[in-house]
Amino acid sequence: MSITIPREPDLVLISWTRNPLQKGSQRMITASRVIGSSSPCRSLIQSGQSLRAALKCLERNDFRIVARKKTTDVSGYYLLQRG
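In short: position in the sequence shown from 1, add 15, done, that's the working numbering.
Quick caveat, the hints were computed from the structure, so don't treat them as lab data.
Quick caveat, the model's predicted, so the values are computed rather than measured.
Within a straight-line C-alpha distance of at most 27 angstroms, the following computed BS3-like cross-link-like pairs (lysine-lysine) qualify:
| # | residue 1 | residue 2 |
| --- | --- | --- |
| 1 | K84 | K38 |
| 2 | K71 | K85 |
| 3 | K71 | K38 |
Construct the entire structure; sequences and hints are all you get.
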């Protein structure tokens, strides 16, 4: 019988904001933190990048949203996990 150590999950925390002066403006990443790996989406999870593009890439690569919260009318965060 073989015993293996389970792989630790990859976590990505993304903080976002939108322009309060422009109704319907796109949500943009303001900060992020990765624990483990965010491959192959690493280049999209940068400050100033589109939140929508980052979320699409992460979800296509087996990440799932485990928490999200709107902290104000124009900002919030997402926590995603893979594994």
